[in-house]
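Visitor: Let the sequences and hints guide you as you build the complete structure.
What the sequence shown shows, in mature numbering (1 follows the signal peptide of the UniProt record, and there is no 0), is residues -16 to -1, 1 to 359, in sequence order.
By construction, these hints were calculated from the structure, which means they are not laboratory data.
Cβ atoms here follow ideal geometry from the backbone N, Cα and C, with glycine treated the same way.
Take the hints with a grain of salt, since some may be wrong.
Straight-line C-alpha distance at most 27 Å; calculated DSSO-like pairs for lysine-lysine [unchecked claim]: (1) Lys39 <-> Lys128; (2) Lys75 <-> Lys169; (3) Lys128 <-> Lys65; (4) Lys330 <-> Lys237; (5) Lys128 <-> Lys113; (6) Lys330 <-> Lys346; (7) Lys108 <-> Lys318; (8) Lys318 <-> Lys346; (9) Lys237 <-> Lys128; (10) Lys65 <-> Lys75; (11) Lys330 <-> Lys169; (12) Lys213 <-> Lys283; (13) Lys70 <-> Lys213; (14) Lys108 <-> Lys65; (15) Lys228 <-> Lys213; (16) Lys228 <-> Lys283; (17) Lys169 <-> Lys128; (18) Lys213 <-> Lys108; (19) Lys169 <-> Lys352; (20) Lys352 <-> Lys228.
Per label pair, the in silico range of CB-to-CB distance [stated by the list, open to error]: (21) Gly162 <-> Asn44: 42 to 52 Å; (22) Asn160 <-> Ser310: 31 to 41 Å; (23) Ala32 <-> Gly234: 25 to 35 Å; (24) Arg282 <-> Trp193: 30 to 40 Å; (25) Ala192 <-> Thr281: 27 to 37 Å; (26) Val337 <-> Gly162: 29 to 39 Å; (27) Asn132 <-> Gly234: 54 to 64 Å; (28) Ala32 <-> Asp73: 34 to 44 Å; (29) Thr52 <-> Lys72: 19 to 29 Å; (30) Glu259 <-> Asp206: 30 to 40 Å; (31) Pro195 <-> Ser310: 35 to 45 Å; (32) Thr93 <-> Ala233: 36 to 46 Å; (33) Ala153 <-> Ala309: 16 to 26 Å.
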Amino acid sequence: MTFYKMKNKYIINAFAALLLMIGLTSCDNRELVQVDNSAAPIAMDLSAEHIFLDKNYPDNPALNVSWTQAAYTVPVEVNYKIEASKDKDFKTPYVLGTVAQSLRTATYTVSQLNTAAQTIGLTKNIEGKMFLRVISALGANQIKAVSNVTTVNVTPYALEYPNFFLVGAASYVGWNSGVAQALYKMDNFSYIYTYLSQESFRFLGQQAWSPINYSIDNPGTDAASRYFKQTSANIVFSDRENMKFTGAAGIYKIEINADGAVQSLNATASPLGFEYPNLYVVGSLNGWNAANAIPMTRKSEGVFELTTTLGANTEMKFLGQQAFASLEWGNILKNNNGNSGFLGPKEDNSNIVFNGNGGSYKITVNLKAGTYTIE
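Guide: Okay, structure coming up:
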């Protein structure tokens, strides 16, 4: 009796499996044979030929794109993607947006169109030609069809890129958002030479926890904080809000490229550390005589001070020895003379330039934070 029940059970299971295989085969054959594109989305009607983008009204509508429906041999769900390019061949297309099947029109704001214009390489404040097209596709970009190409002349304005503030256990300031470390910003790049350790961190858009946070664009990260599309190998996902630095503790050059098509974050080891017994000032205030560079007073680990008289157009650098040798710091980045308040090591710095009035000033250098002040 037991043998008979077991035999029936095996027969029923085998029959069910056979039905499932037939069903899957039928479904696959139907999809492969019957679905085909019969008409591409026939183009586009643009709401303007010349557009001057005014940065004072970033949320105003700037351009409306409309198109006819793409046709397929069976009723299927169709998605549309609107692409922009600097060339008619769309060698490096920029995706303006995607639209669901029920819609055949899309409107883009001044800010959205400006980002597209500068991402594809149009020059700020100069009218340039933007090529546009619509691509229809089934589901996950299958059986694509491309519309005709049309153009619009756009005058973009200069993009305003985010400000970044470093905070976290990996950083010099810890988890204190009120003193989160600002990065030096130049166009779409932000930089700092500062201390990092093997801990978690993130970037803020302000010296406060809200409203803006920046972390890795990872499915595990909170949606509102997903930003960095590329990172160096020593920066990995940590948790829903943070990244983690995995390199050895020390001074690193942190570099962010905020270009909308890049959004990268890299941490590269600096050739210099921060804990040195001496620091000196050399420059126009002592005739650039390194052998007689002016000693600073060590206040704490990596922090030095000097109070001295500074006149107009004073130029200076900081030395770790009374000679022009490996231990040298100046204004961050090559060919960047000025008073940014950020330090760069030898081979990646320029002169600090300060316009004093002949009075007394206190110079403070923090090698661990990567900053200096003149007050």
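Visitor: CB of arginine 282 to CB of tryptophan 193, is that within 30 to 40 Å?
Guide: Roughly 34 Å apart at Cβ, these two residues keep to the hinted range, so it holds.
Visitor: Does the Cβ distance between alanine 32 and glycine 234 fall inside 25 to 35 Å?
Guide: At roughly 53 Å between Cβ atoms, glycine 234 and alanine 32 fall outside 25 to 35 Å, so the hint is violated.
Visitor: Taking 27 Å as the top limit, are the C-alpha atoms of lysine 70 and lysine 213 close enough?
Guide: 23 Å, holds
Visitor: Taken at face value, is the distance from the CA of lysine 108 to the CA of lysine 213 at most 27 Å?
Guide: 25 Å, holds
Visitor: Taking the CB of threonine 52 and the CB of lysine 72, does the distance hold inside 19 to 29 Å?
Guide: 21 Å, holds
Visitor: Lysine 65 and lysine 75 were given as a pair; does the straight-line alpha-carbon distance stay at or below 27 Å?
Guide: Holds - the C-alpha atoms of lysine 75 and lysine 65 are around 16 Å apart, at most 27 Å.
Visitor: Okay, proline 195 versus serine 310 on CB: inside 35 to 45 Å?
Guide: Distance hint for proline 195, serine 310 holds at roughly 43 Å.
Visitor: Assess, step by step, whether the Cα of lysine 330 is no farther than 27 Å from the Cα of lysine 346, and give holds or violated.
Guide: 23 Å, holds
Visitor: Sort out whether lysine 228 lies within 27 Å of lysine 352, counting only the CA atoms.
Guide: 19 Å, holds
Visitor: Given the hint that lysine 237 pairs with lysine 128, does the C-alpha gap stay at or below 27 Å?
Guide: 44 Å, violated
Visitor: Just tell me: holds or violated, for the beta carbon distance of glutamate 259 and aspartate 206 against 30 to 40 Å?
Guide: Once the Cβ atoms are compared, 36 Å apart, the range 30 to 40 Å for aspartate 206 and glutamate 259 holds.
Visitor: Holds or violated: lysine 108 and lysine 318, Cα atoms, limit 27 Å.
Guide: 25 Å, holds
Hints 1, 2, 9, 12, 16, 17, 21, 23, 28, 33 from the earlier list are contradicted by this structure; the remaining hints agree with it.
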